[in-house]
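K.L.:
The residues making up each chain are set out below.
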Amino acid sequence: MMRADLELIYDWVPEGAHVLDLACGDGELLETLANNKGVTGYGLEIDHDGINACVARGVSVIEHNLDDGLSSFCDNSYDQVIMTQALQALRRPDRMLDEMLRVAEEGIITFPNFAYWRHRVHLGLRGYMPVSKSLPHAWYDTPNIHLSTFNDFEHLCREKGLMIVDRAVGVGDHQGHWKSRLWPNLFGEIAIFRVRRR
Amino acid sequence: MPDSDTLAFTDRPAGSVGVVTPHVARFDTPLALACGKVLPAYELIYETYGTLNFDRSNAVLICHALSGHHHAAGYHSEEDRKPGWWDAHIGPGKAIDTNRFFVVSLNNLGGCHGSTGPVSHNPDTGRQWGPEFPMVTVSDWVASQARLADHLGIERWAAAVGGSLGGMQVMQWTMTYPERVANAVVIAATPRLSAQNIAFNEVARQAIRSDPEFFDGWYAEHDTVPKRGLKLARMVGHITYLSEDAMGSKFGRDLRSDDLNFGFDVEFQVESYLRYQGDTFSTAFDANTYLLMTKALDYFDPSATQGGDLAKALAPAQCPFLIVSFTTDWRFPPSRSRELVDALIRAGKAVSYANIDSPHGHDAFLLSEPRYDAIFSAFMNRAAGELNLAEAGKDEASEDATSSEETP
Numbered sequence: 167m168m169r170a171d172l173e174l175i176y177d178w179v180p181e182g183a184h185v186l187d188l189a190c191g192d193g194e195l196l197e198t199l200a201n202n203k204g205v206t207g208y209g210l211e212i213d214h215d216g217i218n219a220c221v222a223r224g225v226s227v228i229e230h231n232l233d234d235g236l237s238s239f240c241d242n243s244y245d246q247v248i249m250t251q252a253l254q255a256l257r258r259p260d261r262m263l264d265e266m267l268r269v270a271e272e273g274i275i276t277f278p279n280f281a282y283w284r285h286r287v288h289l290g291l292r293g294y295m296p297v298s299k300s301l302p303h304a305w306y307d308t309p310n311i312h313l314s315t316f317n318d319f320e321h322l323c324r325e326k327g328l329m330i331v332d333r334a335v336g337v338g339d340h341q342g343h344w345k346s347r348l349w350p351n352l353f354g355e356i357a358i359f360r361v362r363r364r
Numbered sequence: 007m008p009d010s011d012t013l014a015f016t017d018r019p020a021g022s023v024g025v026v027t028p029h030v031a032r033f034d035t036p037l038a039l040a041c042g043k044v045l046p047a048y049e050l051i052y053e054t055y056g057t058l059n060f061d062r063s064n065a066v067l068i069c070h071a072l073s074g075h076h077h078a079a080g081y082h083s084e085e086d087r088k089p090g091w092w093d094a095h096i097g098p099g100k101a102i103d104t105n106r107f108f109v110v111s112l113n114n115l116g117g118c119h120g121s122t123g124p125v126s127h128n129p130d131t132g133r134q135w136g137p138e139f140p141m142v143t144v145s146d147w148v149a150s151q152a153r154l155a156d157h158l159g160i161e162r163w164a165a166a167v168g169g170s171l172g173g174m175q176v177m178q179w180t181m182t183y184p185e186r187v188a189n190a191v192v193i194a195a196t197p198r199l200s201a202q203n204i205a206f207n208e209v210a211r212q213a214i215r216s217d218p219e220f221f222d223g224w225y226a227e228h229d230t231v232p233k234r235g236l237k238l239a240r241m242v243g244h245i246t247y248l249s250e251d252a253m254g255s256k257f258g259r260d261l262r263s264d265d266l267n268f269g270f271d272v273e274f275q276v277e278s279y280l281r282y283q284g285d286t287f288s289t290a291f292d293a294n295t296y297l298l299m300t301k302a303l304d305y306f307d308p309s310a311t312q313g314g315d316l317a318k319a320l321a322p323a324q325c326p327f328l329i330v331s332f333t334t335d336w337r338f339p340p341s342r343s344r345e346l347v348d349a350l351i352r353a354g355k356a357v358s359y360a361n362i363d364s365p366h367g368h369d370a371f372l373l374s375e376p377r378y379d380a381i382f383s384a385f386m387n388r389a390a391g392e393l394n395l396a397e398a399g400k401d402e403a404s405e406d407a408t409s410s411e412e413t414p
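Those protein sequence lines, which keep their order, are chains H and L. Once you know that position 79 of the first sequence is 245 in the working numbering, the rest is easy, because the numbers rise by one and skip nothing. Once you know that position 257 of the second sequence is 263 in the working numbering, the rest is easy, because the numbers rise by one and skip nothing.
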């Protein structure tokens with residue numbers, strides 16, 4: 167059983183696609199895609215345990231800091247670039263979005279939605295920086311330096327003139343509750359976007 | 007006779023292959039070299055560790071670096087205090103696990119540890135080859151290694167593995183004989199030397215060639231050795247193998263005695279260390295071999311025939327690659343490994359890359375480091391799993407025992 171956001175992404179990747187998975191973790195998504203859909207490609211990761219896990223399962227993984235950009239990857243060399251739960255930890259998420267859509271026509275991005283109601287309760291009512299399942303760190307040691315909301319990301323995509331092909335939310339382990347579909351910015355804990363350049 | 011060279015050690019150190027005995031294979035089919043010359047016949051000295059399985063599918067080739075040789079693991083006698091040069095990674099339970107793999111490690115052509123080289127007898131002239139030994143390249147080595155594989159009945163290596171210059175041989179294997187390599191491990195290497203690399207090699211060569219005892223390479227006939235030249239060459243080489251930090255933490259500015267003596271004798275510990283390394287090397291290594299090996303390094307550039315396009319050069323490769331570099335390696339820094347990785351990605355090959363934190367500079371590839379060991383093991387274990395290699399003493403143990411009877 168994959169993480170909820172990975173399940174959804176799995177469905178969005180076409181058969182036989184060539185993909186780049188930024189912050190691929192232990193390589194579970196790439197392995198599942200390779201085994202079931204004939205998907206090829208590479209994962210980029212900096213976590214040592216993640217890299218080892220990828221190598222152990224035969225997933226091609228490159229030790230690479232995403233803040234260094236994707237300059238070693240050619241234009242349009244992939245069908246899709248996937249980035250799960252890393253956008254908020256980048257120094258310049260906006261530039262990464264440009265890079266992703268230079269390397270591929272389509273990008274899939276997931277990130278913790280800062281406007282999720284539980285986060286709002288933390289900050290709005292109790293006056294503390296939110297700590298939750300999707301944002302488990304304390305304010306002082308969090309790698310998540312660019313938190314944003316479902317709405318913020320949509321806004322950035324509009325500014326960049328990108329087409330939002332699909333959007334979805336994950337709530338804890340279950341995704342797609344009716345309330346989160348209706349009011350994603352409030353009830354979606356994880357934001358999931360599929361964007362394309364026009 | 008067991009096909010492994012390893013004999014029982016009365017008290018074999020944990021993780022060691024034990025006492026090993028080298029073999030010599032003779033090849034009488036002429037070998038055409040890249041330089042245009044032909045080597046009519048030659049011998050290769052090699053060691054093996056572990057047991058070749060029934061399918062002959064578990065063989066791992068070890069390619070050595072500049073001053074390396076066939077003795078990669080284990081000991082030559084029970085009194086032997088120093089194990090082979092890559093004992094950290096070859097042995098039972100280690101990354102190249104001899105419980106699963108049959109390891110072949112040879113001394114390259116042109117070497118001075120038992121394979122045909124400058125110190126061998128030249129049948130055409132009746133004298134030692136000396137400086138007349140033909141220039142050998144990485145592709146020549148790989149061609150000669152392929153014949154050794156034929157000789158051992160190994161059609162396809164489960165993995166070809168090498169560090170530094172050894173890594174270049176692994177790259178060459180995947181391009182020249184793609185169907186004969188199931189996995190490739192390239193550690194602390196580079197797809198071609200930089201101007202700085204070549205410059206250091208040239209300093210080393212000049213040190214040797216300008217030694218009055220060099221006699222244009224005919225020193226053996228003058229019953230001498232260009233010791234001073236070799237010593238200098240090794241000293242300069244050694245500086246490039248260590249990182250600034252490693253040297254700093256090992257020696258700092260420590261003096262050998264309490265006071266400065268305002269002279270040119272050894273004063274600092276680092277001087278003493280370098281002189282010792284140089285002295286040891288100058289009596290143990292052949293000068294002509296050193297010249298040849300550094301030229302092989304300089305010449306290696308698979309992209310040269312493809313207009314500088316490394317990805318194009320790597321197009322024939324079929325196997326998954328593991329590329330490893332070390333953060334403080336400034337001889338072949340991580341950026342050079344990354345060049346290779348990027349070319350492999352552009353060529354669409356299966357490749358994984360790890361840049362290991364180590365204070366030890368280029369030499370780190372020889373040593374054990376938890377993260378290095380872990381990723382190396384993970385790659386080799388996956389390779390073994392994919393090739394359905396059983397561990398010795400488990401499942402296919404009986405088959406292994408039969409196969410060992412019929413090995414050359």
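Take the hints with a grain of salt, since some may be wrong.
[As the list claims (entries may be wrong)] EDC-like, lysine to aspartate or glutamate: derived pairs with alpha carbons at most 20 angstroms apart:
no.: 1; chain 1: L; residue 1: Lys355; chain 2: H; residue 2: Asp241
no.: 2; chain 1: L; residue 1: Lys355; chain 2: H; residue 2: Glu197
no.: 3; chain 1: L; residue 1: Lys355; chain 2: L; residue 2: Glu345
no.: 4; chain 1: L; residue 1: Lys318; chain 2: H; residue 2: Asp241
no.: 5; chain 1: H; residue 1: Lys203; chain 2: H; residue 2: Asp213
no.: 6; chain 1: L; residue 1: Lys355; chain 2: H; residue 2: Asp307
Hints are computed from structural coordinates only; laboratory data are not their basis.
K.L.:
Under the criterion that the straight-line Cα-Cα distance not exceed 20 angstroms, is the pair Lys355/L, Glu345/L satisfied?
P.N.:
holds (14 angstroms)
K.L.:
Below or equal to 20 angstroms on CA atoms is what counts here, so check Lys355/L against Asp241/H.
P.N.:
Measuring from Cα to Cα gives roughly 18 angstroms; hence the hint holds.
K.L.:
Next pair to validate is Lys318/L with Asp241/H; report whether the Cα-Cα distance is within 20 angstroms.
P.N.:
holds (18 angstroms)
K.L.:
Would the hint linking Lys203/H and Asp213/H be met if the CA-CA limit is 20 angstroms?
P.N.:
With Cα atoms ~26 angstroms apart, Lys203/H and Asp213/H exceed 20 angstroms; violated.
K.L.:
When you check the alpha-carbon spacing of Lys355/L and Asp307/H, does it fall within 20 angstroms?
P.N.:
Measuring from Cα to Cα gives roughly 38 angstroms; hence the hint is violated.
K.L.:
If you draw a straight line from the CA of Lys355/L to the CA of Glu197/H, is it 20 angstroms or shorter?
P.N.:
holds (16 angstroms)
Hints 5, 6 from the earlier list are contradicted by this structure; the remaining hints agree with it.
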